[in-house]
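In terms of our numbering, the numbers along the sequence shown are unbroken and rise by one, the last being 660.
Derived from the structure by calculation, the hints contain no laboratory data. Among the hints, erroneous ones may be present.
As the list claims (entries may be wrong) - For each label pair, taking beta carbons as the anchor points, the in silico distance ranges come out as:
id, residue 1, residue 2, range
1, V565, D634, 34 to 40 Å
2, G567, D634, 36 to 42 Å
3, L652, T562, 14 to 20 Å
4, D606, F573, 30 to 36 Å
A quick note: this is a predicted structure, and the numbers were derived from the prediction, not measured. The beta-carbon is built from N, C-alpha and C at its ideal position, and this holds for glycine as well.
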Amino acid sequence: MNKIALALGAVLLAALPTGTAFPTPAPAPQPVPEAHLQLTATRTVHGIESTRFAWLDCPAPHLTPKHPSHPHHTSACTDLAVAHGDLDHLPGHTTAICSNDAAQITVTANGVYDDRAVHWQHTYDDDCHLTLATGQVFDF
Numbered sequence: 521m522n523k524i525a526l527a528l529g530a531v532l533l534a535a536l537p538t539g540t541a542f543p544t545p546a547p548a549p550q551p552v553p554e555a556h557l558q559l560t561a562t563r564t565v566h567g568i569e570s571t572r573f574a575w576l577d578c579p580a581p582h583l584t585p586k587h588p589s590h591p592h593h594t595s596a597c598t599d600l601a602v603a604h605g606d607l608d609h610l611p612g613h614t615t616a617i618c619s620n621d622a623a624q625i626t627v628t629a630n631g632v633y634d635d636r637a638v639h640w641q642h643t644y645d646d647d648c649h650l651t652l653a654t655g656q657v658f659d660f
């Protein structure tokens, strides 16, 4: 009987894993840099300017209702994070729907990104070039 118990114990012991299998902890999530930017887009057609603006707050909008929030908040914040807050390095789009309207457009971003002041401006020949360069950041 002792030999059977000893053999059964050896089989059970052999079936146990040899190393301690503790799950490795997941890496701590990287904090999303905070941003509070006022974005403007000024279109000039036949010498007449029209300006639109929106606020982009990342990671979550926390504006009072009197400020227009960005309509593409999530993708704009993602693109801004990919560019590390440098609007000259936004991923943009590889394709865009373009019209024959040659309305020059000047866009600006002013505010704070990851505790750094942001004062940025660029002029594009038209909406098509703007979309290719900036994606949905200035799509409001």
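Comparing the hints with the structure gives:
Distance hint check: the CB atoms of V565 and D634 are about 36 Å apart, consistent with the given range 34 to 40 Å. For G567 and D634, the Cβ-Cβ distance of about 39 Å falls inside the hinted range of 36 to 42 Å, so the restraint holds. In this structure, L652 and T562 meet the distance hint of 14 to 20 Å, their C-beta atoms being roughly 19 Å apart. Between D606 and F573, the C-beta spacing of about 21 Å breaks the proposed range 30 to 36 Å.
Figure legend: structure checked against the earlier numbered hints; the only hint not met is number 4.
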